[in-house]
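Two chains, two frames, some hints: make the complex.
One line per chain: the protein sequences are A and B, in this order.
The numbers in this note's numbering rise by one with no breaks, and the one at position 121 of the first sequence is 122.
The numbers in this note's numbering rise by one with no breaks, and the one at position 220 of the second sequence is 222.
In short, the hints are calculated from the structure, not lab data.
Incorrect hints may appear among the rest.
Claimed, not checked - Example chain A residues on the side facing chain B (calculated, C-beta under 8 angstroms, incomplete):
1) Asp119
2) Arg123
3) Ser133
4) Asp134
5) Glu135
6) Tyr136
7) Ala139
8) Asn142
9) Thr146
10) Lys149
11) Thr164
12) Ser166
Glycine included, each C-beta is placed from N, C-alpha and C at the ideal position.
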Amino acid sequence: MKRVPSLVLIGLGVTLVACGKKPETAPAPMANADSIAAAERARADSAAADSARRAQEEADRIARQRAADSAAAAAAAAAEVRNMLAAMIHFDYDKANIRSDDAAALDQKVGIMNANPDLRIRVSGHCDERGSDEYNLALGNRRATAAKQYLVSHGVDASRIETASYGEERPVAMGHDEDSWAQNRRDEFEVLSGGDVLRRP
Amino acid sequence: MTFARGSLLGLVILSVYPSPRLWSQDTSAIDRGVRIGIIYRPGVRPGLVVLPVRQPGLDSVRTILNRDLDYSDRFEVITLPGGDSVRVGGGGTSPGPAGAARSRVPPALNYPLYQALGADFAVETRLTGDTAIVVVHDVMGGAVRRTFRHRLPGAGDPGFRLAVHRFADQVLQATLGAPGMAATRLLFVKDGKVYRIDQDGADLTLVSSTDRQAMSPAWAPDGHRFAYMEFSGGHGQLFMQDVATNRRVSVVTTGSSLDFTPAFSPDGRTLAFSRAIEEGTDIYTVNARDNCCLQRLTRGGFSDNLSPTFSPDGHRIAFVSTRPGLPQVYVMSADGTDQQLFAPFDYGVTGSSNAPDWSPDGQSVAFHRDVGGTLQVFVLDVRTRTVRQLTSLGRNEDPTWAPDSRHMAFVSDRSGYRQLWVIDLETGRIRPLLQQSGARLPAWSPRIAEPVSANP
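So that you can see chain B by itself, here it is in the shape it has in the complex (with noise of 0.2 angstroms):
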């Protein structure tokens, strides 16, 4: 979208990052210096630095950190020629050892230093006490940005990476102004239980609870709880589990037929599920909150309806009907009235699709779709109502929308096993969130929320 307005935003592009883009890795692009050019770059993105760290504390922060702003995919992240050996302080001073004399008045950044090197931001971190310090240079101004300030629990805290990765999303917002997702958890899984996993691939967590085959997980909307399935002698049941606690509560009325593929509505309320019995597969809700009161929104007979996703403002409901004889990807009201076709399809030629996921911007469902007996995932313009392929490399399925709604993870078999990969749209980045064979059914989080109380 951005790479096709031609010139004249080029240039505009080009006046507020004017800097060449050191090539990351490539140490001898410094050589070449300042290079200013009238010619527009498509996908040119500012450049940012994470500069050294004095206290070895901070190592880690500064990793995570590093990696959280450089998988956002929107900036050029600077690795510094020669490591991190780079002079961090002002003034071109000779390097040394940073002593504790110096903390007491931080140096101003060399700013024509990091110029040179392409950046545009520099984010700074420091350690006062159990409080980090994160400031954002602007690079190109000369001058601080903004200062963060939280407390940081210690890195063997459980709150430990989720405070960095706030950290990350508030210095996406400070130099871009754009919502981040490095505060955000997956669930997926593998081998029949439900894991968890921080976006950056770090922190793999079991989170299932019995030996019993799981599946669909589902997250609610303050990222703090999620619902999942379960078979249990010949049903299904669906249980929501507290992230913190791990405890669990099943959901009434479900676990005497088979329920599966749970979501929750934006506001938390509802969970709206799929049913199996005898006369088919139909769409229920039940009030999340208070636990009750199952409601029915499908009425297939022949046919069966499932894998409800809500739209962001609640309103609507996507879900997978085989009303048309191989399932399409439909739409209803959330009450239930109001059903159509969402993803349009040639009768007779387009294959089954599957697994829609309504995009937090509400923009977009994505879903995947059997093309010429594999699957490749979708997706659907909500406003014009087309829908464009996204893969089509291995077989791609079971896709779910990061909160930047940018962000996709989804399960690949495209490096010869089938495995959880997450993929930029903007930039067509793709790599791979685990390394591990047979993960599959991946859920984002939202953002998590900071929990009311801080109580552990």
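Here chain A stands alone, though its shape is the one from the complex (with noise of 0.2 angstroms):
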């Protein structure tokens, strides 16, 4: 452990002295000294023009990446957005009311809402296949608008929200247990417009 800064320090004195030499072994030929000088301009001129341009490169480079970064960012964000948007609530068998664990999801589906002024959704109502299944329009519908009215209590402009009710028509679990009905008693939410670009709330 104690050999290695020495060693470095040999290394380091080498190159001193080899940098040391350089200018005795090397003497400028006495020459024309506007040329010198004009020669010294021009190759300052250059490093400077040099290194200005690697240096806009840099900075173009980063503000490149900079971008890429903010749109993988927005990219990133929006997909979360949308994802919060788009996550389900669940309803008991036969009820409408939203429930309290539910309540969180929804929550967020209002700041999103409030961050995303254009944004325009529906929502639609889902049942299990136990009940009847023209009575399961009914109650599809009511699933949907119970959602809708919380919402736009906290809120949300009602006009931005249309509502749908597809009953057992479109289940999302083809089971027949208690399972798969509690997964398809269910609202979703989906974007009508204004979801292109979406700001976190």
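Here's what the structure looks like:
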């Protein structure tokens, strides 16, 4: 461990010696002072231009990187927001009231709606297969309306939310058990317009 | 009903139909000969035999007639012992291939033979050119009762089966004086599409014209049009479609919200339906003839009102309302006034009741009700306002009446998967209409009237 620094020092010494020697071994020939000055100037200019160009390139690169980063970040944010918006809420059997464990998901949607004033959405209500086929259209309608009323009561303009019902016609889980039924008793949220660039709440 | 009227009526019935019933398929029964008893046998129905045909082109006619008359559940349809080789002609002469020379004068039927077989009626079919002749023999009276002649379209013609079904209904009318339901069809939904099928399970036809999900088909009273709902852009739109041409028109004012469960009034002028908007689901009507003039019949507020069905006189509409909490069957005047509970229920005990269908004779409303977590078909007696449970095996739902008001189609999973079944409420006989899984929301047509113009 001790040797490493000394070796480094020796190395450095060699380099220094080598550098120190250079002016002596290569004396500048006497020449036209003007041309020297001009050459010096030209060299300085080109060096300056070089470094300026390099700086510019670097700045461009950083800008591009930043833009890409921010675009990626924006896209990531939009995707995240879209996922938050699309998060389904669920219902008890033959019920259309918002469950307390779904309030947080709906509050999140309120924030998204507020942060994206151009956003318009459709809430569609769905049911499990146990009830009557046609009655389930009315029940799904209640479920969609319940979510809309929640959003509106938290300040979202009613004209920005459409409702729909598909009854039991579009299940997400195909099983015939309570687990599937629970997944199918739901509201879905889809973007109708203004969802291209979604900002975080 | 008929079963419980006691021995006096039993004697009357026996004097009309005194012959013993031949057990179908059981050819040994003929050896027992004629038995006359003074014992009242409930459920005894007149025996009927559809005679073997001589012309090969009539085989399918005979098959369809035989099945229709069997499915009417009003006869003991007799299967001839030894297949169809039994002698058709009269006088007990030796059987032989029917010569064309014999058809000049139709031989008299061997009435004693068919009496011995237990037949009260025998149905004979003949073909002259493109005219089918159906002769109804009164076997006990030993005479021809009625003869029907109609042009019969070729076997490939779409009108062929319906023409034969109409013969079956005429036979029923001529023998028992009862209107039949042979010349009818059903609509139903499978995989989001509307299909049509004859009541005997034949001629399955896709009638949906788009790939959009469809629901709730309903017949117009003439049997030549129907209405149904189709999902469209988050909404539900109603259409009226012509059976013969498949041309359809959208019902104006529908499609900008969720409109569903259409139902024609008996005069065909009004189409009632359910509309779901944010304040709830309510029943509306439009003028079906002029395709205009939206009217609102219910104003639910905190309850939903849906699934209208007209009484056959057109004066009342039964429907489903959630005003008692769970959905139950209500009734109102056709103009929306006088809304009241129709099918009684025990609050907090009786389950949800849905999908009412008013019988064509006006006396009953069929619906389904949640019993212990599964659905069962119930029938409401309109006069006494009492309900009785009709089914108990498996899950049974969405009943629809046949025009004879004694047959009913419904959806049941009793065989392990959901399919369409037909039950006769008088005899309790039940048969699958369609051996395919996933069929639902059946709608039984009225008797399909002959088109006014015979042009196809």
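Hint by hint, here is what the structure shows:
no.	hint	in the structure
1	Asp119	violated, 20 angstroms
2	Arg123	holds, 6 angstroms
3	Ser133	holds, 4 angstroms
4	Asp134	holds, 6 angstroms
5	Glu135	holds, 5 angstroms
6	Tyr136	holds, 5 angstroms
7	Ala139	holds, 4 angstroms
8	Asn142	holds, 4 angstroms
9	Thr146	holds, 5 angstroms
10	Lys149	holds, 7 angstroms
11	Thr164	holds, 6 angstroms
12	Ser166	holds, 6 angstroms
Of the numbered hints stated above, the single one contradicted by the structure is hint 1.
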